[in-house]
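Respectively, the protein sequence lines represent chains A and B. If you count the first sequence from 1, position 25 lands on 8 in the numbering used here, and the numbers rise without skipping. If you count the second sequence from 1, position 255 lands on 238 in the numbering used here, and the numbers rise without skipping.
The set of hints was computed from the structure by calculation and includes no laboratory data. Here a beta-carbon is modelled for each residue, glycine too, at the ideal position from N, C-alpha and C. Some hints could be false.
[Unchecked claim] Each computed DMTMM-like pair below joins lysine to aspartate or glutamate, with the alpha-carbon atoms no more than 20 Å apart:
id, chain 1, residue 1, chain 2, residue 2
1, A, 160, B, 203
2, B, 176, A, 201
3, B, 169, A, 103
4, B, 176, A, 272
5, A, 227, B, 203
6, A, 176, B, 203
7, A, 197, A, 172
8, A, 169, B, 237
9, A, 176, B, 205
10, B, 176, A, 59
11, A, 227, B, 237
12, B, 227, A, 237
13, A, 145, A, 285
14, A, 169, B, 179
15, B, 169, B, 179
16, A, 176, B, 179
[To be verified] If you anchor each label on the Cβ, the simulated ranges turn out as follows:
id, chain 1, residue 1, chain 2, residue 2, range
17, B, 160, A, 239, 35 to 43 Å
18, B, 271, A, 237, 21 to 29 Å
19, A, 62, B, 237, 33 to 41 Å
20, B, 237, A, 164, 50 to 58 Å
21, A, 285, B, 149, 54 to 62 Å
22, A, 172, B, 140, 31 to 39 Å
Protein chains: 2
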Amino acid sequence: MTEAVAPGKIIICGEHFVVYGEPAIVAAVDLKAYAYASFVDELGIHIYSSRVSEVSLRPIHEVIKLLLESRNVRLDNRGIAVSINSEIPISAGLGSSAAVAIASILAVSKLLGLKLKKREVISLGVRAEEFIHGRPSGIDPTISTYGGILLFKRGGRVRRIKPTKPMEFVIADSGIKRSTGIMVRKVGELSSKYPEVFLGLRYTMRKIVRRAMKAIVEGEIEILGDMLNLNHGLLSAIGVSNSKLERLVYVAREVGALGSKITGAGGGGCIIALAKPGESDRIASSLIDAGAEAVYKARIAEVGAM
Amino acid sequence: MTEAVAPGKIIICGEHFVVYGEPAIVAAVDLKAYAYASFVDELGIHIYSSRVSEVSLRPIHEVIKLLLESRNVRLDNRGIAVSINSEIPISAGLGSSAAVAIASILAVSKLLGLKLKKREVISLGVRAEEFIHGRPSGIDPTISTYGGILLFKRGGRVRRIKPTKPMEFVIADSGIKRSTGIMVRKVGELSSKYPEVFLGLRYTMRKIVRRAMKAIVEGEIEILGDMLNLNHGLLSAIGVSNSKLERLVYVAREVGALGSKITGAGGGGCIIALAKPGESDRIASSLIDAGAEAVYKARIAEVGAM
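The shape of chain A in the complex, shown without the other chains:
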């Protein structure tokens, strides 16, 4: 049996606007998906998970098939079983699907003795996402594979961002499930309807992302907090927030977070709060009191999938 692990992610800055070619900052966090692969007597590919529904295991099944085909692997008279165990909440904008796919791909490639390049792993991860929603940006499989913090642009161009100070994020799950596809479409409609306003928002987001990147590199943690707040306002502007998300975002700030925002597509899912060192616990418990379904204290996962 082989084992692989892949981290989930948070978007620190730039979600939604990344779809329009603007840069985004994405970080791997130490919430992880584990996959275990082994040969079994029963023919075919078998995916098991205690938690993930059968529907969402289908894409994994498909990419493992793709992997075998692309490498001309023939299983002859045996099969492959992949067991998945993930601590990343589902449909919450934390890259759970991508991490599960990446971990599965790596576990199977180890089992078969295949050496995959990072780019091949990501490309298979993107294929898995395509089975779920039409045209994914590729941001989730990319960060899960690389780890750390990346400046990401549409088309998969990445640049590593090296933080000089450790950062503590509190992630709070609103408990509201949403579809990334629907939120992306909603923003698409807004951008077509009000192109000039949207152009202004895009320009602003680009500047926020640039300033946030500099803040991470130079350890200006308060400034990073300001950028999270600015970013959140733009997400509110484009209509991907709601009263529960706002409550969590503002409560976090009111109990001392340096900044807080929706992370990911919005409409539900998670918010993140940047905590002063040692203040994560207090912020986390206030977020639970404010109605968060779950909270996670997360640090950046320096190492990607392995």
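Following the hints, position chain B against chain A.
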């Protein structure tokens, strides 16, 4: 005895950014301040109000003095009493101080048989505001004097906006008192610290205001709602919101408002929600349930102070 009345106001779009030279849309609403002036035996100027504190009556006292001096009015052996009665909530961003000042100026000028031009009335109203905070934009005395809806730019340039459809706004007071001056300073600090981001926000707000103006003129009420929402996101971005204001803003949308936003300086004060015709009552009662201290159904006051 003479009587004068002056309306309060809401900012439909563009607050804060108006300080930086961007246009704003401001509307007079049918919440009013009344002033009654009469000659009295006791020498001097006497201002009375059942509601307004003595401190905030001081500026009125000063501008009435200014008015008398500028017109060389001598009271000889009598005085003037001004009684104020206002239905506009105080320190809530609804232009209460300006309306009270404008009504008082008009009541006294009627008593003295003076014919003041609108510009003179506004100019005295601005002087009254200067006694309270340093450098007011002049937006409040301007709209209270003119009534209707105005596109306003710093320096007092105005252009009348004629709506083609009646608009119903619900105003909800968060009950949180705040200082306009402090909020304006806070935004000033943000703009100096992150000039490029702020430039993007300014550009975006300008586009929002232009589109909102067109929507009012052409009766595109849903589009006006979208502009309120976009505007609100930018106010959240610049840090003038809080969890209570967000609750009111989002609850209004969730119960069917076409758009909702903070109006005025933020940090407290009021939010406005644009209601579909006939839906004001439902939105108003939901806002009370959500914790608003008071709600007001407001229509545009077509006529200014008189």
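So, going through the hints one by one against the coordinates:
| no. | hint | in the structure |
| --- | --- | --- |
| 1 | 160/A x 203/B | 33 Å, violated |
| 2 | 176/B x 201/A | 16 Å, holds |
| 3 | 169/B x 103/A | 49 Å, violated |
| 4 | 176/B x 272/A | 34 Å, violated |
| 5 | 227/A x 203/B | 29 Å, violated |
| 6 | 176/A x 203/B | 13 Å, holds |
| 7 | 197/A x 172/A | 32 Å, violated |
| 8 | 169/A x 237/B | 16 Å, holds |
| 9 | 176/A x 205/B | 12 Å, holds |
| 10 | 176/B x 59/A | 65 Å, violated |
| 11 | 227/A x 237/B | 11 Å, holds |
| 12 | 227/B x 237/A | 11 Å, holds |
| 13 | 145/A x 285/A | 10 Å, holds |
| 14 | 169/A x 179/B | 27 Å, violated |
| 15 | 169/B x 179/B | 17 Å, holds |
| 16 | 176/A x 179/B | 25 Å, violated |
| 17 | 160/B x 239/A: 35 to 43 Å | 23 Å, violated |
| 18 | 271/B x 237/A: 21 to 29 Å | 23 Å, holds |
| 19 | 62/A x 237/B: 33 to 41 Å | 50 Å, violated |
| 20 | 237/B x 164/A: 50 to 58 Å | 22 Å, violated |
| 21 | 285/A x 149/B: 54 to 62 Å | 60 Å, holds |
| 22 | 172/A x 140/B: 31 to 39 Å | 35 Å, holds |
This entry does not satisfy hints 1, 3, 4, 5, 7, 10, 14, 16, 17, 19, 20, going by the numbered hints stated previously.
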